[in-house]
Amino acid sequence: MDQFIKARNVTFEYIRRDDDGNVEGIETALDKVDLDVKAGDFIAILGANGSGKSTLAKHINALLTPESGYLIVDGKDTHNKDHTLAIRQTAGMVFQNPDNQIIASIVEEDVGFGPENIGVPTDEIWTRVEKSLRSVGMYHYRHHSPNRLSGGQKQRVAIAGVMAMKPKCIILDEPTAMLDPIGRQEVLSAVRELNKKNGITVILITHYMEETIHANRIFVMESGKVIMQGKPREIFSRVEELKDHHLAVPQVTELAWELKQSGLSLPDGILTKEELISELCRLS
Amino acid sequence: MLKDVTLGQYYPADSVIHRLDPRVKLAGTLLYLISLFLFQGPLALATATVFLILLITLSKVPFSYIVKGLRTIIIILIVTAAMNLFFTTGTVIVQFGIFKLTYEGIQMAILMMIRLVYLILGTSLMTLTTTPNQLTDGLEKGLRWMKKIGVPVHEIAMMMSIALRFIPILTEETDKIMKAQMARGADFQSGGLIKRAKAMIPLLVPLFVSAFRRANDLAMAMEARCYHGGDGRTKMKPLRYTAADRNAYLLLFSYFVAMIALSLLWTKVLGGGKLFF
Numbered sequence: 001m002d003q004f005i006k007a008r009n010v011t012f013e014y015i016r017r018d019d020d021g022n023v024e025g026i027e028t029a030l031d032k033v034d035l036d037v038k039a040g041d042f043i044a045i046l047g048a049n050g051s052g053k054s055t056l057a058k059h060i061n062a063l064l065t066p067e068s069g070y071l072i073v074d075g076k077d078t079h080n081k082d083h084t085l086a087i088r089q090t091a092g093m094v095f096q097n098p099d100n101q102i103i104a105s106i107v108e109e110d111v112g113f114g115p116e117n118i119g120v121p122t123d124e125i126w127t128r129v130e131k132s133l134r135s136v137g138m139y140h141y142r143h144h145s146p147n148r149l150s151g152g153q154k155q156r157v158a159i160a161g162v163m164a165m166k167p168k169c170i171i172l173d174e175p176t177a178m179l180d181p182i183g184r185q186e187v188l189s190a191v192r193e194l195n196k197k198n199g200i201t202v203i204l205i206t207h208y209m210e211e212t213i214h215a216n217r218i219f220v221m222e223s224g225k226v227i228m229q230g231k232p233r234e235i236f237s238r239v240e241e242l243k244d245h246h247l248a249v250p251q252v253t254e255l256a257w258e259l260k261q262s263g264l265s266l267p268d269g270i271l272t273k274e275e276l277i278s279e280l281c282r283l284s
Numbered sequence: 285m286l287k288d289v290t291l292g293q294y295y296p297a298d299s300v301i302h303r304l305d306p307r308v309k310l311a312g313t314l315l316y317l318i319s320l321f322l323f324q325g326p327l328a329l330a331t332a333t334v335f336l337i338l339l340i341t342l343s344k345v346p347f348s349y350i351v352k353g354l355r356t357i358i359i360i361l362i363v364t365a366a367m368n369l370f371f372t373t374g375t376v377i378v379q380f381g382i383f384k385l386t387y388e389g390i391q392m393a394i395l396m397m398i399r400l401v402y403l404i405l406g407t408s409l410m411t412l413t414t415t416p417n418q419l420t421d422g423l424e425k426g427l428r429w430m431k432k433i434g435v436p437v438h439e440i441a442m443m444m445s446i447a448l449r450f451i452p453i454l455t456e457e458t459d460k461i462m463k464a465q466m467a468r469g470a471d472f473q474s475g476g477l478i479k480r481a482k483a484m485i486p487l488l489v490p491l492f493v494s495a496f497r498r499a500n501d502l503a504m505a506m507e508a509r510c511y512h513g514g515d516g517r518t519k520m521k522p523l524r525y526t527a528a529d530r531n532a533y534l535l536l537f538s539y540f541v542a543m544i545a546l547s548l549l550w551t552k553v554l555g556g557g558k559l560f561f
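Heads up: the protein sequence lines correspond to chains F and Z, in order.
Numbering-wise, our numbering puts 32 at position 32 of the first sequence, and it's gapless, one number per residue.
Each position in the second sequence, counted from 1, maps to that position plus 284 in our numbering.
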């Protein structure tokens, strides 16, 4: 499979200045990050607040460019200003707050906003809008006002808005942080569906462990560095290491780990309820 | 009080007027306003009245609903009428001290009342039959020529539509902050004007902070979706004139010509005054 995203030594600093413009302090948001994502992958980036995961997401969308190092998305260097629009089109982004990323007052018009910006002809916009609204199950709501939708529905509209630009990749920056459990479920299943059916590369940034178990690979970030990476099962086998970094493992994994600590012979890295149940049944 | 404002509210219905291109309605409203301030004599007044009633009937907006919009300007109406009644010079009918009631004054007062009422009715008819989005679209396309003289038409239209989108969100937020502050003992109701204005500070500061944060987020989301100004942008719902729009323009034009002709007929041929005598 093709290399879709390639990041090498990406470093980014936020510089705080006082009123006279003197440097007060430097916060290194990204510290020599390497990232490799294959086309069609489902990647999860985990980390506590301030770990640099959102900054990394903004780099993939070319909203920010690395201060040193480089980042290549679909063969295009994000440093090159001529590629900015093309990169934003191939790697669409969904943000945390559902209200602050919906531009129009009618659902279908909001989904059409992206295609309008990249100059898609009118008829084509309509087919794209219909298709992407159907792909997230929001076609029925096309004439509604976004203000009347639930958080999960708004996020699905935002995803449709990105899909209408025909991207190869979607970056979701904590898309479920402001949603209730039902909304979270809605958004996640829509995302997984896009990944499976349409082969869209997904980069899911989150601090909910449960959301990452379906990913192909997980990157764990802390203070601007990627500290762990691997398959979910590998990552969640290292329960103690995760705890050292103040990251909680999924509840089921934690329970299995605790049981194992107290003497049951369970395998490492149990991710789902069903797995745990069948393992426990095998014991008795 | 605030809920009585029909100006700027949309009344959903399926009518000829609703379906017209927003540019026609904008141009029509402008032309109607100009005609209101130019006409002279009862013939033209009758034409303006008939024209307005015809449009309201066509729009299927209930007459009482439009008239409700007048309630908010009642004070302005009374003040204007009073000013005109007593401060117009001319043939005196009655005199109280410095106040003189004149024939001309009565005429001017009636004329101004009619103008203001028709003005409000005409403009509310436009906003009641046009969605805010159509309005901004119409403004953007209708005023596109102004881009040549350096007016950022697209940007202004975009700001207007975003403002409209965020009005309900910020209203809800204001309510939330207000309740949060009240829960901690803030008092927005009692006291004089200055005390009440001061009480607004703990409401306005967080509201502004949050509005700026939202603006920042929204700008980033728009950029992420390839927004780069009006150049090279296509439209999902482009405005196109139809036969109905052309007929509407024709009707507007003939109305305007008729207004001028009737005014001239009254003043030049029949030798009448401004309104009745």
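These are calculated hints, taken from the structure and not from any lab test.
Model, not experiment: these values are computed from the prediction.
Careful, some of the hints might be misleading.
Said to hold, decoys possible - Calculated lysine-lysine pairs in the DSS-like style (CA-CA distance at most 30 angstroms, straight line):
id, chain 1, residue 1, chain 2, residue 2
1, F, K131, Z, K519
2, F, K231, F, K6
3, Z, K463, Z, K479
4, F, K58, Z, K519
5, F, K81, Z, K479
6, F, K32, F, K260
7, F, K58, F, K81
8, F, K76, F, K196
9, F, K32, F, K197
10, F, K76, Z, K519
11, F, K166, Z, K432
12, F, K38, F, K168
13, Z, K463, F, K131
14, F, K76, F, K231
15, Z, K519, F, K168
16, Z, K521, F, K166
17, F, K225, F, K58
18, Z, K425, F, K166
Okay, the hints, checked on the actual structure:
no., hint, verdict
1, K131(F) x K519(Z), "18 angstroms, holds"
2, K231(F) x K6(F), "18 angstroms, holds"
3, K463(Z) x K479(Z), "19 angstroms, holds"
4, K58(F) x K519(Z), "27 angstroms, holds"
5, K81(F) x K479(Z), "53 angstroms, violated"
6, K32(F) x K260(F), "37 angstroms, violated"
7, K58(F) x K81(F), "15 angstroms, holds"
8, K76(F) x K196(F), "25 angstroms, holds"
9, K32(F) x K197(F), "34 angstroms, violated"
10, K76(F) x K519(Z), "28 angstroms, holds"
11, K166(F) x K432(Z), "34 angstroms, violated"
12, K38(F) x K168(F), "11 angstroms, holds"
13, K463(Z) x K131(F), "42 angstroms, violated"
14, K76(F) x K231(F), "27 angstroms, holds"
15, K519(Z) x K168(F), "24 angstroms, holds"
16, K521(Z) x K166(F), "20 angstroms, holds"
17, K225(F) x K58(F), "16 angstroms, holds"
18, K425(Z) x K166(F), "28 angstroms, holds"
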